[in-house]
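Taking the hints into account, I'd like the entire structure generated from these sequences.
Below are the chains, spelled out letter by letter.
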Amino acid sequence: MADELIQARSLTKKFGDFVAVDDINFVVKQGESFGFLGPNGAGKTSTMRMIGAVSPVTSGELSVLGLDPMTEGPRLRSRLGVVPQENNLDEDLSVYDNLLIYGRYFDLSRSVLRDRIAELLEFVQLTDKKDAKISALSGGMKRRVIIARGLINEPDLFILDEPTTGLDPQARHVLWDRLYRLKQQGVTLIITTHYMDEAEQLCDRLVVMDKGKIVAEGSPAGLIKEHTPRDVVELRFAPGELEAITGRIEDLAEHTEILADRALVYTDDAEELISIVSASNLEPETELVRRSSLEDVFLRLTGRTLVD
Amino acid sequence: MTVPLSLRVAEAEARFYRRTWRGSVVSSFVTPILYLLAMGVGLGSLVDENLGYGLDGVSYLTFLAPGLLVATAMQTGAAEGAWKVMAGMKWRETWKARLASPIGVPSLVLGHMIWSAARVLMVSVAFAIVMTAFQIAPPLQSFLAVVPAFLVGVAMVAITTSFTVRLKSEAGLPMYFRFVVIPMFLFSGVFFPVSNLPDWLQPIALVTPMYHGVELARAIVVGIPPVVAPAISVTYLLAWIIAGTYFAVSPVRQKLKP
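In the order they appear, the protein sequences are chains A and B.
Going letter by letter, the first sequence gives residues 112 to 419 in our numbering.
Going letter by letter, the second sequence gives residues 540 to 797 in our numbering.
Check before you lean on any hint, since a few could be wrong.
As the list claims (entries may be wrong) - Lysine to aspartate or glutamate pairs mimicking DMTMM-like chemistry, simulated, CA-CA at most 20 Å apart:
hint, chain 1, residue 1, chain 2, residue 2
1, A, 125, A, 203
2, A, 253, B, 709
3, A, 322, A, 128
4, B, 635, A, 183
5, B, 635, A, 202
6, B, 794, A, 128
7, A, 294, A, 115
8, A, 322, A, 179
9, B, 629, A, 203
10, B, 794, A, 197
11, A, 294, A, 267
12, B, 635, A, 197
13, B, 635, A, 134
14, B, 796, A, 197
15, B, 635, A, 218
16, A, 244, B, 632
17, B, 794, B, 709
18, B, 629, A, 202
19, A, 294, A, 265
20, B, 629, A, 143
21, A, 253, A, 233
22, B, 796, A, 115
23, A, 240, A, 230
24, B, 796, A, 128
25, A, 294, A, 143
26, A, 241, A, 226
27, B, 796, A, 179
28, A, 140, A, 311
29, B, 796, A, 242
30, A, 294, A, 114
Hints are computed from structural coordinates only; laboratory data are not their basis.
In structure tokens form, the structure reads like this:
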């Protein structure tokens with residue numbers, strides 16, 4: 112299909128005996144924003160690196176923009192934009208020089224680059240930092256420079272590996288806003304993240320990865336609907352109290368999760384559940400009602416939390 | 540594709556160098572001046588007094604200068620192949636960033652070689668200018684001696700790069716300098732003829748790239764024919780350059796594109 116930018120069939124990546132990506136299948140379509148959600152070590156980065164033609168495929172089939180990353184690497188990479196997990200900008204050079212040097216790797220002329228850098232700095236709201244050294248920028252600004260760098264070749268596919276990890280909430284929102292705009296402009300995005308709010312904000316469709324495998328696939332809302340009841344009641348107890356009453360909490364609803372300091376009770380009718388808890392002698396320290404999120408989907412599918 | 544993209548890599552290195560070029564150019568001139576003053580003029584007066592006629596029939600300063608020219612190129616090459624490579628692969632991660640672009644590992648390594656060769660050429664030419672200024676040799680001979688110095692320097696870039704890309708950490712580099720670079724500097728015929736070395740050490744000196752460069756440079760400046768035929772020495776140095784560059788490629792691929 113012409114509108115399928117990425118097709119992966121039985122895609123596998125091994126490092127020696129370790130299976131980082133275990134026989135996964137997925138398709139990314141033109142213009143969509145596709146996410147890989149999972150904890151550290153789930154195989155997200157290995158998958159991204161195979162798509163970006165910087166890591167050989169161990170077995171299975173992978174086609175990106177109709178090209179084979181194994182044999183057409185340089186041609187493929189010339190059409191990709193990549194935002195790596197780490198900040199690998201040249202710290203001692205200016206913002207402008209970083210972008211110029213990177214653009215030259217794509218064999219773009221200096222005059223084309225001059226205009227494009229101006230546009231991109233405008234886009235990431237760093238025009239006034241053009242001549243600043245990278246080392247003088249905040250973490251959020253560095254990420255924005257990396258985003259501008261990734262867009263320098265006007266890519267057909269933009270790959271972002273954990274774009275906001277380590278940033279404060281405000282910087283994350285600025286970044287999300289920029290990525291949302293790219294999405295509006297029709298740029299196809301692939302995003303890996305272990306933040307469920309990031310996946311909910313940015314992804315049209317996503318796969319949940321755990322231990323190298325895809326454990327679920329769908330839209331954020333669809334996944335929540337499919338895998339968990341609508342609401343969650345979080346009951347917090349004093350340390351040590353939970354163990355004794357685990358059985359009674361599990362009787363409250365069809366699906367519950369017992370964490371270290373609190374219990375999650377899933378329900379379609381939170382009010383009724385609260386009144387049942389009040390009538391009982393469970394006496395939690397606090398009760399909190401919230402909507403189910405992708406975090407809960409992940410917990411349900413794997414029995415573990417995303418960020419620990 | 541490899542050649543034009545490797546030029547882009549060299550261009551990036553040049554842009555990075557531009558940041559500190561003033562200090563670098565100053566030291567390219569100051570270092571030879573200091574060495575020639577201390578070793579050539581200071582130590583040289585002692586040597587010349589004792590030998591009466593100097594080494595190989597010329598003053599110690601004249602004997603020493605072409606060797607030091609090659610030694611400077613050699614050390615520059617080693618530094619480029621060591622710290623620059625460690626920085627690109629590990630400290631700054633610039634190599635990894637480059638590989639996400641259309642640049643492949645061969646272009647990356649070749650680009651690094653091209654820029655490092657340019658650096659070797661810069662310090663060698665600076666040395667030749669100082670040699671001319673000290674009136675050790677006429678300009679023509681001084682600048683001709685840059686050719687073997689350049690070959691030795693580039694060979695050292697290739698050898699050192701090939702070594703550095705195989706290291707797990709930078710801890711191996713000081714050892715490399717202590718046990719390879721400094722002995723080569725001291726025992727390859729720069730300060731005294733290799734024939735003065737104990738017999739068992741002479742063959743070791745002979746296989747170093749540096750020895751061949753020193754012999755060629757000295758032949759050009761002093762006029763004594765070298766022991767090994769120049770064509771063989773040049774071929775030998777070129778072989779080191781090609782082999783070192785070639786063997787640097789696959790460890791980079793293994794480490795940065797696992």
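Are there hints from earlier that the structure breaks, and if so, what are their numbers? The structure breaks hints 1, 2, 8, 13, 20, 22 and 29; every other hint is satisfied.
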